[in-house]
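Given only the sequences and the hints, what does the whole structure look like? Please build it.
Each chain, written out:
4 protein chains.
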Amino acid sequence: MAENGARRIRLGMVGGGTGAFIGYVHRIAARIDGDYDLVAGALSSRPEVAKESGENLGLAEDRIYTSYEEMARAEAARPDGIEAVAIVTPNHMHYGPAKAFLEAGIHVICDKPITSTIEDARALAQVQPKNGAKFLLTHNYTGYPLVRQARELVASGALGTIRVVQVEYPQDWLTEATGEENKQAAWRTDPARSGAGGCIGDIGTHAYNLARFVTGLRTEAVSADLDSFVPGRQLDDNVHIMLRFEGGAKGMLWASQVAVGNENGLQLRVYGDKGGLEWRQDNPNYMWFTEFGKPKQLLTRGGSISVPPAASMNVRIPSGHPEGYLEAFATLYSQFAAVIRGEGQDYEALLPSLADGVEGMQFIMASVKSSQNDAKWTRFSEV
Amino acid sequence: MAENGARRIRLGMVGGGTGAFIGYVHRIAARIDGDYDLVAGALSSRPEVAKESGENLGLAEDRIYTSYEEMARAEAARPDGIEAVAIVTPNHMHYGPAKAFLEAGIHVICDKPITSTIEDARALAQVQPKNGAKFLLTHNYTGYPLVRQARELVASGALGTIRVVQVEYPQDWLTEATGEENKQAAWRTDPARSGAGGCIGDIGTHAYNLARFVTGLRTEAVSADLDSFVPGRQLDDNVHIMLRFEGGAKGMLWASQVAVGNENGLQLRVYGDKGGLEWRQDNPNYMWFTEFGKPKQLLTRGGSISVPPAASMNVRIPSGHPEGYLEAFATLYSQFAAVIRGEGQDYEALLPSLADGVEGMQFIMASVKSSQNDAKWTRFSEV
Amino acid sequence: MAENGARRIRLGMVGGGTGAFIGYVHRIAARIDGDYDLVAGALSSRPEVAKESGENLGLAEDRIYTSYEEMARAEAARPDGIEAVAIVTPNHMHYGPAKAFLEAGIHVICDKPITSTIEDARALAQVQPKNGAKFLLTHNYTGYPLVRQARELVASGALGTIRVVQVEYPQDWLTEATGEENKQAAWRTDPARSGAGGCIGDIGTHAYNLARFVTGLRTEAVSADLDSFVPGRQLDDNVHIMLRFEGGAKGMLWASQVAVGNENGLQLRVYGDKGGLEWRQDNPNYMWFTEFGKPKQLLTRGGSISVPPAASMNVRIPSGHPEGYLEAFATLYSQFAAVIRGEGQDYEALLPSLADGVEGMQFIMASVKSSQNDAKWTRFSEV
Amino acid sequence: MAENGARRIRLGMVGGGTGAFIGYVHRIAARIDGDYDLVAGALSSRPEVAKESGENLGLAEDRIYTSYEEMARAEAARPDGIEAVAIVTPNHMHYGPAKAFLEAGIHVICDKPITSTIEDARALAQVQPKNGAKFLLTHNYTGYPLVRQARELVASGALGTIRVVQVEYPQDWLTEATGEENKQAAWRTDPARSGAGGCIGDIGTHAYNLARFVTGLRTEAVSADLDSFVPGRQLDDNVHIMLRFEGGAKGMLWASQVAVGNENGLQLRVYGDKGGLEWRQDNPNYMWFTEFGKPKQLLTRGGSISVPPAASMNVRIPSGHPEGYLEAFATLYSQFAAVIRGEGQDYEALLPSLADGVEGMQFIMASVKSSQNDAKWTRFSEV
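Protein chains in written order, with our numbering: chain G, 1443 to 1825; chain X, 1443 to 1825; chain V, 1443 to 1825; chain E, 1443 to 1825.
Honestly, the hints are just simulated from the structure, not real lab data. Wrong hints could be hidden among the right ones.
Unchecked claim - Some chain E residues well away from chain G (every beta-carbon gap over 12 Å; in silico):
1) Lys1493
2) Arg1515
3) Gln1709
4) Asp1715
5) Arg1722
6) Asp1724
7) Pro1737
8) Lys1738
9) Leu1740
10) Ile1747
11) Val1757
12) Asp1816
13) Phe1822
As the list claims (entries may be wrong) - Here are the simulated DSSO-like pairs of lysine-lysine, each with C-alpha atoms no more than 27 Å apart in a straight line:
14) E:Lys1736 to G:Lys1716
15) V:Lys1576 to V:Lys1625
16) X:Lys1716 to E:Lys1625
17) G:Lys1625 to G:Lys1736
18) G:Lys1716 to V:Lys1625
19) G:Lys1736 to E:Lys1493
20) X:Lys1576 to X:Lys1625
21) G:Lys1811 to V:Lys1818
22) E:Lys1625 to E:Lys1572
23) V:Lys1572 to G:Lys1625
Stated by the list, open to error - Some chain E residues judged to face chain V by a derived CB distance under 10 Å, without partners named:
24) Arg1449
25) Val1467
26) Val1491
27) Gln1613
28) Gln1626
29) Asn1706
30) Lys1716
31) Gly1762
32) Tyr1767
C-beta atoms are modelled at their ideal positions from N, C-alpha and C, and glycine is treated no differently.
What follows is the structure in structure tokens.
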């Protein structure tokens, strides 16, 4: 049972077999707060991997599936069937399972980006979920306590009218060419599995979503210059974008997988006419908050603050004891569990949704189109 | 089941009822890697709190106890009884349960410091565990991947002969007087529940243990100046200690609960005749490593390194994605689970043990005695 | 006399009267290494200010001028006349004095940007200096020791082929509207005195020049989005630019005077296919250097380094003792003194020149033009 | 002339010939603000070095001396004789010149520590300066603007009653044995030239003085453990000290020349019952100031502040543009010039004095004595 006495949600998983990275992350996230029990899985399309992975995770034999369609059908029919499913396959394998489970009345937790094509994303948005099944897109950075605090600070007017948004996500792991043996790299650099965006889909969307989540600003148009620096690479590995927001704010977004010396340097900086905010993912328990004309303040996760703490943040341990990526991820899981149980009204508007997923695909496609047109300003409505 | 297919350990808990901090932390730590199922508890000595807490955690009614003695007896008698117990009570309530469970053949996971008196610690060391029951002391900072790396770097000779060790643990939460309503503060500042040491027992031992774990140095004597700065406080809230190690290395240890602006600033710096190391808990995914005459290198958890990565570190997610306090804690839990299953030979020497607990009490008592004698150099053998 | 026994250069100054900021900085820069004696000045066009300022600085009465033309004429005629002049007036007052002194055979040290219009810059480039008089443009950040080191690292191939350049210069001092009483702000936000660029001319050129100096990359085109966020402001106060360099490298440049919480946050990051560099002006004695696949190294000014130290850096005091802005500025002054004395061959190619000034104006004008054309890619040759 | 129109002070120098480090620093410090003209020197006791060094610095032939006695006599007799002298010799050569110049009525600027023996220090304190000649001890760190701010914050009560002072000065340049060819190391590790303290005299006194300057606390007793880790070294290279201050505050001081990875890591942390301060020399334009229960504030040199800026700080350039070691040093020089001119009443109490020099020697000798007595608490009155 969860810490607060709430019952655990029965969870299934599609993808995430032995050796996969993000499935493992989802499982930890599901365990941290004790809100889920993993009881079924179509962990791989290869039967032997599905079987071995399922056994390792302690799944009952009859709930180890090799096809998500079968899993959706069978689980929906069981009285003790799964209530939610985590979809952790490569991008091009999101749409099918998401549709199947939503139509089976099973809540969907889906890794980002939502699909590999915008057509799929739009089609998914048209699906009629049975029994009000909900959808969570795991833009996990939105679960960080201080990201929630940032959002509430902006919403409260503490920064005034937002003028400038600088967001970036540099990595360096794709600095050199990689082969098929690097499983993580292989599908991410393959248009057939990843979609039209490489770096922009993998991490650019995270950066975009983070800026969007914190500021609430809606994008008017993007001007993008996408590059593939590594010879032979088919998808972009460096992304330069200028953003124009409705209302006049401006932004820059940089994402890169070839920025040597950066591991996962996601950083957001927001400036308004009254104040500024600066936050980095690699030391996420700290955030700079400056009121114009006053000294910079270092806000800490759960620590002293001169404004009300964010109502929506989940702080597990005292300030100064670092929480990290997995706890932020877990917050999405536990708040979605509350939504599933009908107790999460306050969270529902905060959790990344199917609409955010469609917007993410618009961002990707508009950027790709802009880049193909010499960085011409491109509206989301044009893709 | 655990990620690797290993079966889950059946776990009980003593203390940790609703509202307690460290019990909650232990439960998350036990969940993260999926190596335990919490199935029994004596969560409070107050029956109604024990019942409510147990129900909230989903324990079966007949496994919610109000006495640890009864729990040890009953669980040892069940075929599906707990295999391990987490003791998360205040210090003076460690000895009794630890003895009872060890003698019942149940593995013990015990919060630090091991007891509230050195007599209790020594008595516990004399207990004959039934069926080889093991003991884990949760000096959780030793679970941080880079702390493991630090230990291996020292052991490898990369720093040469160690000369100087600077360790500190400043906090500020006890800067002002607190009342009984602050539950965390109340027992920690009460000699009857905490023992002879306040700050030194609560966080000084963590700092000492960290230095000991990383350097392997044995202490020759301490010279301590302990203070209670807050009027009316009965135990120390600031600790200044000079250390002499066997072989000639020297150290300083500072722990404080009145250092305004510090949350949990645990920091270790180690210098040898060939190199130096610097690590901070509040940003634990980074560590400075300097070879004399070369530029400082920033080692990252799981990232690039010019020496072999620590064999004993548990890295769950890619470098640049921060792990934190809970993951370090979970590493102790999961590696202890491996020990329980008979697969953890490599870990056993690393996990904080009963002997470390006795040494921690020696450290506390020698420091208290030194301070009472005008900071006279005091050997552990004198207490 | 200078430290090395070289004779001091006789220096004059145009602008920089009482209350001016940058003239004061130039004077300190000229004093630090003892290479100059300030002996004449047209410190203000207002006679009483010129007189008072000159007296305060100890100038002989007959060498306090109120007109730069007169000063150029008179000093050129004196046997002990000035050998060099520092021009520290607002931008629109650079061209006249620079031309006059060069044609009088007096070396010119000129603050940036070189002029307020590109026509003036080009005209200045056509001036025939008498007796080989030289020109120094004080892009002072190029004098930082680690900026020199960065340049040499790039030139040495330590970073491989450069792919991505991220440069930024955020400030916040113009977050709110300012009046004429803020002297520094007044002329910088006035097109008549500043030229067509506000923020881009004041600090954007510094950022551009820094990237250019370190990487050696030539710009192919810019796509710029310039804004004036403060109501009523005539010139830009926020600058977003994407850069395309010859050879395929890409860049982003952000300059802002409305980024609350930033004082002078000039930062350069350069990434190649072998390595990366990161440097910030606000803590300029440190620079990150990463070779792909190895830990980040923290290079320090004058400290340990795994590659040869920069031949062109001027390190006055031991590493760990910080040098700053004034020392970097002084390095330009002292190396220009060496050039004047005929001893500075090695420095001449490093010191920002009249050609750099013209390029800076091209950068400003191309960016302004691009911004006026909806961020259309604009070549320097188009302005 | 100085910037403010004040006349320049005629300065001489004892020591500081070609190749010396600290003399060069003093000369830059004297030049930065334009308050001095160096016109005479006994730069070396070796005639040829004295001559070459003097010529390089442009001294008139008849003002290049090889004996400080002769220099004191001759300069005192000249109508244009020096008004102040900078003594920059090794420690054992401070007393003689200081006495000679004070008795000749010439102001003395003396490097620290004041002498090599406490007897010399006390004798110097007994000297009767002619014509009210003043004495400045160059504890240069007290010139940093934020150190001045720290002092004023403490004095204003912003931190409340001070409880804990942590000061440290780690370096690593003496990690390995050095020979006579390392001129800086040679005299500092030689008791005949340095006195009874090695590391403690060279940098421990700086740390002590800094703590003393900022907090105003008077020392009751020290307990010291001094070590020479490098084989064959005669003086201490690592210093561990516990401090007891009058009124009950406690402190720790660590100084080391064998802490690999530290260049000049001077750091001061002060905690009171209302607030805390933290400052580091290697990034000196920033200081943490925390009021208990509020977020940490990052104060910047000359930047926004929630309390009045320090009246005694000298800020030359805008916040965000770093000033450094040389500017701090220069502030002592320029404020001493004001004292000499009779305009520096406000500064006189701030500038490190002969009394501070005697106290510094007491600190050294009490620490050495304590260390020789097994770290016995030792009062300054006992040495």
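How the hints compare with the structure:
no.	hint	verdict
1	Lys1493	51 Å, holds
2	Arg1515	54 Å, holds
3	Gln1709	18 Å, holds
4	Asp1715	16 Å, holds
5	Arg1722	15 Å, holds
6	Asp1724	19 Å, holds
7	Pro1737	4 Å, violated
8	Lys1738	4 Å, violated
9	Leu1740	4 Å, violated
10	Ile1747	6 Å, violated
11	Val1757	15 Å, holds
12	Asp1816	37 Å, holds
13	Phe1822	37 Å, holds
14	E:Lys1736 to G:Lys1716	20 Å, holds
15	V:Lys1576 to V:Lys1625	31 Å, violated
16	X:Lys1716 to E:Lys1625	23 Å, holds
17	G:Lys1625 to G:Lys1736	49 Å, violated
18	G:Lys1716 to V:Lys1625	23 Å, holds
19	G:Lys1736 to E:Lys1493	54 Å, violated
20	X:Lys1576 to X:Lys1625	31 Å, violated
21	G:Lys1811 to V:Lys1818	16 Å, holds
22	E:Lys1625 to E:Lys1572	35 Å, violated
23	V:Lys1572 to G:Lys1625	67 Å, violated
24	Arg1449	8 Å, holds
25	Val1467	6 Å, holds
26	Val1491	13 Å, violated
27	Gln1613	7 Å, holds
28	Gln1626	9 Å, holds
29	Asn1706	3 Å, holds
30	Lys1716	26 Å, violated
31	Gly1762	2 Å, holds
32	Tyr1767	4 Å, holds
Going down the numbered hints, you'll see the structure goes against 7, 8, 9, 10, 15, 17, 19, 20, 22, 23, 26, 30, while the others check out.
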